[in-house]
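Throw the hints in and build the complete structure from the sequences for me.
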Amino acid sequence: MFKIYNTMSRSLEELIPLEDNHVRLYTCGPTVYNYAHIGNYRAYMFEDLLRRWIQYKGFKITQVQNLTDVDDKTIRGSRESGKALRDYTQTYKDTFFEDLKVLNIEPAEHYPAATDCIPEMIALIEKLFEKGLAYKSDDGSVYFPIDKFAEYGKLARLDRAGMRAGARVDQDEYDKDNAADFALWKGYVEEDGEVVWDSPWGKGRPGWHIECSAMSQKYLGKTFDLHCGGVDNIFPHHEDEIAQSEGANGCLYSKYWMHNAHLQVEGKKMSKSEGNFFTLREILEKGYTGREIRYELIGTHYRKSLNFTFDSLNANRAALARLDDFYAKLQEYIGTEAEAGELPSWAVEMETRFAAALDDDLNIAGGLGALFDGVHAGNKAFPMDPKEAAAVSNLWKKLDTVLGFLEPPKEEVPSELIEMAEARAEAKKNKDWAEADRLRNAVAAAGWIIQDTPSGPKLKKA
RNA sequence: GGCGUGAUGGCCGAGUGGUUAGGCACGGGUCUGCAAAACCUGUUACAGCGGUUCAAUUCCGCUUCACGCCUCCA
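Under the working numbering, think of the first position of the first sequence as 1, with each following residue one higher.
Worth double-checking, as some hints may not be accurate.
Said to hold, decoys possible - With a Cα cut of at most 20 Å, we get these calculated DMTMM-like pairs of lysine to aspartate or glutamate: (1) Lys-131 with Glu-120; (2) Lys-458 with Asp-400; (3) Lys-397 with Asp-324; (4) Lys-461 with Glu-416; (5) Lys-186 with Asp-138.
To be clear, the hints were calculated from the coordinates, so they are not data collected in a lab.
Structural data, given as structure tokens:
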């Protein structure tokens, strides 16, 4: 039984799909105005673990992740770069997908871009007009009157009486009935340049929230199972989506809501002014691999804030090496026999504990604890029966469909280094220690480490 | 002001009303020509103050500290 924490009820609930065995998932995606930062990927990593666990549990999944390619930031960026909006955002769409590959994040089934779904958004706004849940202001914009949607605030648990005009909104700037009303459609202003669409209300562009309501409906239906995003989206974004969708369709929007906490860098909120703002690319340039970053991002429970530090990134490298060594040893014992036998009891226990932890609202730390306990028990079980080793190896691969970092990276060892390692083994046989040390140093200079094992020398990247 | 989250050993980080989480680092050992790596092994912590209880790190209350959101930031 897979239990998840539903933000709507603020409690753990069993995930039961509305239809059959099929989980329909909507996840808020990136605004493609820049290279995505590691905080963004913390969210997508959580969603990746979620979708992988949903599949491990035997559910079919359909995930939609939107690409916000029209908003204030993308328009500003395209103006500053002198490129058309479409060309400007394409760069960041492309790099987003490259990043997903580097982090081994499973692709969603659909990645709709906002600019490809304008007609759907317009249709939805028209429906809101019919229901009296939209009004046009003098500046050509269309707003949603939150006072007319009785349940407004149910997700964020807002105290409606206490919702006074906030200090951050200059009321005079807007021609709205209520300062808290949000835009469905933004009337054209000169700064938008060529970014403009026709609508029944005149020229303009969509508000931010409407794209998710329109695109989720297009791909998942009016009601779907699960909606995810960062905690900061609870209000206003998701609250507004609920108002739009449930207001227009008169039915439940999403059955469950899950939100991930933010990421901090070296104990501080990540921000450009603190100088601790990192894109994925910048971390890769420092020499860390996507796999190491994946381990770092996935390792903290999604509802706890994750403190991203280079110290822990280094610690993760050692932890991954421990896993790799175990897996390599497993392959040694399997030998040429491919047939898998019975799983030893310690491995059964490893999987059982792992699954119990993940079933508990994706308790990844508990799952990793089970994994490392399994490695410990497995190391003690060597030398292992080949069929048993093959069974454990298969389990390893099964768990990797969830974790996505167990399969060790394939490293091509340069052939001359293999020759040197063999020559050193020969020198050792002849007790020519000077030559043996010379070869070891030469290999080290090339960036590789020779590890002597009972089955001969092995080469590992330093 | 409103809503909400958290405080665990050197660091990170699970969990539990009484029984070893785990990872990293560090110490010891096995192995090794010396190393390295690997493996084994050791270190017993739960912010403070009250309360409930035979028993609290775990439940309740208060305090202190930290953090998030409160109109377009994952």
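Ascending list of hint numbers which this structure does not respect: Hint 2 alone not satisfied by this model.
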